[in-house]
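Participant: Sequences and hints are given; from them, build the entire structure.
Line by line, the protein sequences give chains A and B.
Quick note on numbering: the numbering used here labels position 48 of the first sequence as 48, and the sequence is numbered without any gaps.
Convert by adding 10000 to the 1-based position in the second sequence; the result is the number in the numbering used here.
No lab work stands behind these hints: they were computed from the structure.
Keep in mind it's a predicted model, so treat the numbers as computed, not measured.
Note that the Cβ used here is the ideal one computed from N, Cα and C, for glycine as well.
Just to be clear, a hint being listed does not mean it is correct.
Unchecked claim - Listed below are several chain A residues computed to face chain B (Cβ distance under 8 Å; list not exhaustive):
1) S19
2) D21
3) I25
4) M29
5) I33
6) L48
7) G52
8) V68
9) A112
10) K125
11) A129
12) H136
As the list claims (entries may be wrong) - Result set (EDC-like, lysine to aspartate or glutamate): computed pairs, CA atoms no more than 20 Å apart in a straight line:
13) K45(A) with D18(A)
14) K27(A) with D10(A)
15) K115(A) with D10688(B)
16) K10556(B) with E10581(B)
17) K10346(B) with E10272(B)
18) K10813(B) with D10851(B)
19) K10735(B) with E10719(B)
20) K10620(B) with E10580(B)
21) K124(A) with D10688(B)
22) K10556(B) with E10523(B)
23) K10994(B) with D10870(B)
24) K115(A) with D10651(B)
25) K10708(B) with D104(A)
26) K10619(B) with E10580(B)
27) K10346(B) with D10317(B)
28) K10689(B) with E122(A)
29) K124(A) with E10932(B)
30) K115(A) with E10685(B)
31) K106(A) with D10896(B)
32) K10958(B) with D10(A)
33) K106(A) with D10897(B)
34) K10708(B) with E10746(B)
35) K124(A) with D10929(B)
36) K124(A) with E10930(B)
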Amino acid sequence: MTTITGNISDLNVLVVDDSFDVLNILKNMLRNIGVNQIFTARDGKAALDFLGETDDADMVNLILCDLVMPRMTGVELLKQVRSVHPDIPFLIITGHAEIRHVQDAKTHGANAFLKKPVSMQELKKKLLAVARVVGHRR
Amino acid sequence: MHARTRATVNFMKYLNSGNVSVLAGEDNFSTRHVLYLAGLTLLGVFVLSIAWEFLYEDLISGNLGGHYHPEETGERWEYVATVMVFTAVALVVPVLVSGKVIRRNVRTEQKIKSLASFPEHSPNPTLRFGSDNVLLYANAASTPFLDAIQCAVGDSVPVAWTRALNDLPTTGNQGRLEYACSGRTFSILLHPMPEAGYVDVYAHDITERIWTEDALHTVNERLEQRVNERTSKLSREIAEREQAQAALRVSEHRYRDIAESSSDWIWEMDEELRFSHYSPRLAEITGVRPEELIGKTRRDLGKGEIEDEKWHRHLMDLDARRPFRDFRYTYKHEDGRTLHFSTSGKPVFDEDGRFKGYRGTGSDITERQQAEAALSNSEQRFRNLVEGSIQGILIHRDRKPLYVNQAWADIHGYTVDEVMAMDSVDGLISEEDRARMAAYRARRMHGEEVPTWYEYQAVQKDGSLIWLENRTSITTWDGEPAIFSCVVDITERKRAEDALQKSEARFRAVLDNSPTKIHIKDEEGRYLLINRQAEILYGITDAEARCRTSYDIFPKEVADSFAGHDQRVIETGHTVEEEEEWHLPDGVRTYLTVKFPILDADGNVTSVGAIGTDITERKKADEERAELGRQLVQSQKMDAIGQLTGGIAHDFNNLLMIIDGYSNQAIQQIKRNGPAKESLAHVVEATDKAAILTQQLLVFSRRQIMEKGVVALDGVLRETLGLLERSVGERHDLKLEMDDGDICAETDSAQLGQAVMNLVINARDAMPRGGSIVVGLRVAEVGDEFTARHRGMTPGRYAEIFVKDQGSGIDPKDLPHIFEPFFTTKAQGKGTGLGLAMVYGFAQQSGMVVDVSSEPGKGSIFRLYLPTVDREPEVALPDVGNLPRGNGEVILLVEDDLSLLKLSSRTLDDLGYTVLTASDGFEALEVDDEIEGPIHLLLSDVVMPNLGGFELADILQKARPDMKIVFISGYPSNDHVPGTGIPKHATFLQKPVKQDVLARTIHAVLERDALCLAG
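Facilitator: Here is the structure:
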């Protein structure tokens, strides 16, 4: 890579997963990749609450979300987020990729999919792409 | 008058006979004869004077002498001579006549002299005629007579008397005649006096006498006539009496014969009412000699069994001397028989009216009585029959009722009297039938044969219609022809018939509309009826089938089978079920036929019914249902396994992620290399393998993400086989057999390739010693039979991909399990047991059908059926032979339409470019990050979610300012592209982009920059 216009450190990532361990691992991964601002939520409702409480538009510029969660699925969360933040990058992480959910997520504007188990390289690659877009738009 | 005529006739006869003498008396001579002479003289003088006058004129005129001409002189002298002759005659004739007259007068004077004795004073007319028949004299009493005969003295005798007078002188006899004139009749006595020369005539008026004589004559005639008539009558009476007496004698003989030979007997009673005579016949009948009865009265003989009233009436008749007729009584014969006698009698009176007794006849009416009794009984019986009959009986003439029984009246709702009072019973016939029945009568009158039995509708008194059955015949009533009509109320029967007809129609309709074949046979196996379905199936109509057996319709072996079933029903009396196979032109049909007995009231089997249901479809459906059930079970099993594996995979992935994550963290935290760090590295490695396994499990559980598009299947197969050539090995011959032409289907080409790959690997493993593996592609028309085996598949056109090997085949017991995950017949460690599971999962997910044919020892064929599509393949390889080619330039291709992405990627690859692909902007950035070297050209769609082509290009150009940009847009040019931030120097291609255009454009854009750089 010769020039990267986006900077991963500029990413403020909200990680949403019902698994504490997954949240923990992803948080470590993100930190290792270079993400400084990492927020976590155990479900969609908590994520929305978090997003609704902040007035700073750049408080979160990337959402990393599990697809299958209790009470609110990743797709449902995606719909809610898109109604308020149409441009915020939204990455789906899924363990078994229920087809209808994946297609549904695509339809509602999911930017990328990550398959569990997520590798650090794969995650970093995705984050770099997002960081460039975020940097470009800023 | 009559007498007068007769008197005249007698007079004329008398005259003619010459017996009558007529007295011819002298006429009045002095007067008439002097006048006569004077007349003659005057005539002579007259003639002479004319002659003289004539001559004198000639002499005076000189014609007589002076002027003499010889001719004239001669003539005149002739004339003078003539005149002279006339004159002489005129003078001589009177002289001669006068002499005659004088002589007569002399004689007349003599006669007159003889009249001295003439009875002058006779009270009767007395006339005297001379010999010349001239009346010479008449006395005073003659005047009325002469007036009557219009004659006077001197006149000639009347012509009627002339002959008698002329005859008298010769006969000298007196003559008498009667003479009638002027209404009077006279008796004329001619008394000739020859010596005196005259005839005296004495007339006597006998008119009164004649009248009296005529009257007497008339009376006499009448008397004679009456006498004659009486005589004739008496004669006739005598003759008649004689005839009567003769006839009487004959009659007496006859009646005696009759009486003696008659079956009746004759009896007589005297004035004491004692029997005085019996003809022998009675004795013959009763065996009682007449002597035993003679002298007895009726009372003496006894009353017998006669009713009192009749007995007393009879005795009163006898006592009153009244005639009686047909008095019936009984007689007890000594042989015990009761004889019935009838007797009639009349009183006999003598000429003085005195009662002389009775005379009569008796007859044995025992047989008649018995016959009458029998007849009476018969009549009574028939009357009872008629009166008590429930059939209505009407006897009519010209529709006027002559007799009607109670039933007939009741049927019509009338009383008998009301019917009998009708002038015509036509009004009791419905209008619809009246004309028809009138026509019958008219035709019958013309001698035509008409139905004597028919039905018609009658009108009851209350106007309601009823149906009657009528039988008509000609009978006699009071000696005249009449119509006998016997009717039965069949309204209920008609209703029942109608109901039955409707019921039969319903029954028939039900039969004929039944989808089952139905027939009924009698005990002899003859068809009694077949319904429409049976008609179609048997190829024979119901009418044709009647009275035929199965042997008349079907081949013997079939008929034998049917007859056997029928016989079982008849023998056992139970229902029999049989499956019959009918080999029909359109295939074999299976009928489940239920044959059942039809019993009579005694429970005997009279016929056999059969209802056959076409169970072909049902059987097929049952089989299909069983197959479907099997498929369903299999499917549900696979689904259950899928869900299980899917769920496991999900959780397993999470676990793997945790294991992998913490392991990596631990590795990072261990600064030094050592066994612990290596162990963790193994853990991470095993985690990666486990992730691959879970990925395959996800495919089986159909939770893999599909990227479907219309693909050309031959390309997919070629590509797949290209990858497989190395892994299959040299011992195996891998062949590709494909039909000509593009066969396209909508599927995920990568997964399809993976499925084919798995099948080929399995085929290879099934032939460890090598062999031929054929991968094929063709279009197959799939029919019902095939689709029935595969749930959810419909008949139609499919792309068939098959993989055929010549291996060991699959054990049938293994077949149901081959698609289950982790089921494998391979040696331990040789297979994961997920290959066919992936194929199955992919097929299920993409709408494909997997079919397996395997025969142990001969190999297996796996077939994948994909619905074909007519659309152009979105991923099709163009012919790039003539297109401008690249030279390894790197092109980043960004397209969210995956099929198009693949197509374009392949095209550019074939054109010699290095192609980097991304399905959206983010992925493009990821690729950009990964690529160390240059990206010469960005080929991107404009409109993409989240990160559009312009923004992507802008981001990329910041790091790669030399990168050329070609946009593929749905808009005709950049002028029309909505939005802002359009990168400079971008080239636009309008969708749909033909691959050659794409190739030339990219080549041109790259070449242009090269030229620019060169320039």
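Participant: Next, verify each hint and record whether it holds.
Facilitator: Now for the hints, and whether the structure bears them out:
1. S19: holds (6 Å)
2. D21: holds (5 Å)
3. I25: holds (3 Å)
4. M29: holds (7 Å)
5. I33: violated (12 Å)
6. L48: Violated, because the Cβ-Cβ distance from L48(A) to chain B comes to roughly 20 Å (cut-off 8 Å).
7. G52: violated (22 Å)
8. V68: holds (7 Å)
9. A112: Holds: closest Cβ of chain B sits about 5 Å from A112(A), inside 8 Å.
10. K125: Constraint on K125(A) satisfied, holds at 5 Å.
11. A129: holds (3 Å)
12. H136: Hint holds; H136(A) Cβ to chain B Cβ min 5 Å, cut 8 Å.
13. K45(A) with D18(A): With a Cα-Cα distance of about 11 Å, the restraint between K45(A) and D18(A) holds, given a limit of 20 Å.
14. K27(A) with D10(A): holds (16 Å)
15. K115(A) with D10688(B): holds (12 Å)
16. K10556(B) with E10581(B): holds (15 Å)
17. K10346(B) with E10272(B): holds (14 Å)
18. K10813(B) with D10851(B): At roughly 16 Å apart (the allowed maximum being 20 Å), D10851(B) and K10813(B) satisfy the hint.
19. K10735(B) with E10719(B): holds (13 Å)
20. K10620(B) with E10580(B): Since the Cα atoms of K10620(B) and E10580(B) sit roughly 15 Å apart, the hinted pair holds (cutoff 20 Å).
21. K124(A) with D10688(B): Given that 20 Å is the threshold and the Cα spacing comes to 18 Å, the pair holds.
22. K10556(B) with E10523(B): holds (19 Å)
23. K10994(B) with D10870(B): Holds: K10994(B) and D10870(B) sit about 19 Å apart, inside 20 Å.
24. K115(A) with D10651(B): holds (13 Å)
25. K10708(B) with D104(A): holds (15 Å)
26. K10619(B) with E10580(B): holds (13 Å)
27. K10346(B) with D10317(B): holds (10 Å)
28. K10689(B) with E122(A): Within the cut-off at roughly 17 Å; holds.
29. K124(A) with E10932(B): holds (16 Å)
30. K115(A) with E10685(B): holds (17 Å)
31. K106(A) with D10896(B): Holds, because 11 Å separates the two Cα atoms, which is no more than 20 Å.
32. K10958(B) with D10(A): Holds, at roughly 18 Å.
33. K106(A) with D10897(B): With Cα atoms ~13 Å apart, K106(A) and D10897(B) stay inside 20 Å; holds.
34. K10708(B) with E10746(B): Holds, at about 6 Å.
35. K124(A) with D10929(B): holds (10 Å)
36. K124(A) with E10930(B): With Cα atoms ~11 Å apart, K124(A) and E10930(B) stay inside 20 Å; holds.
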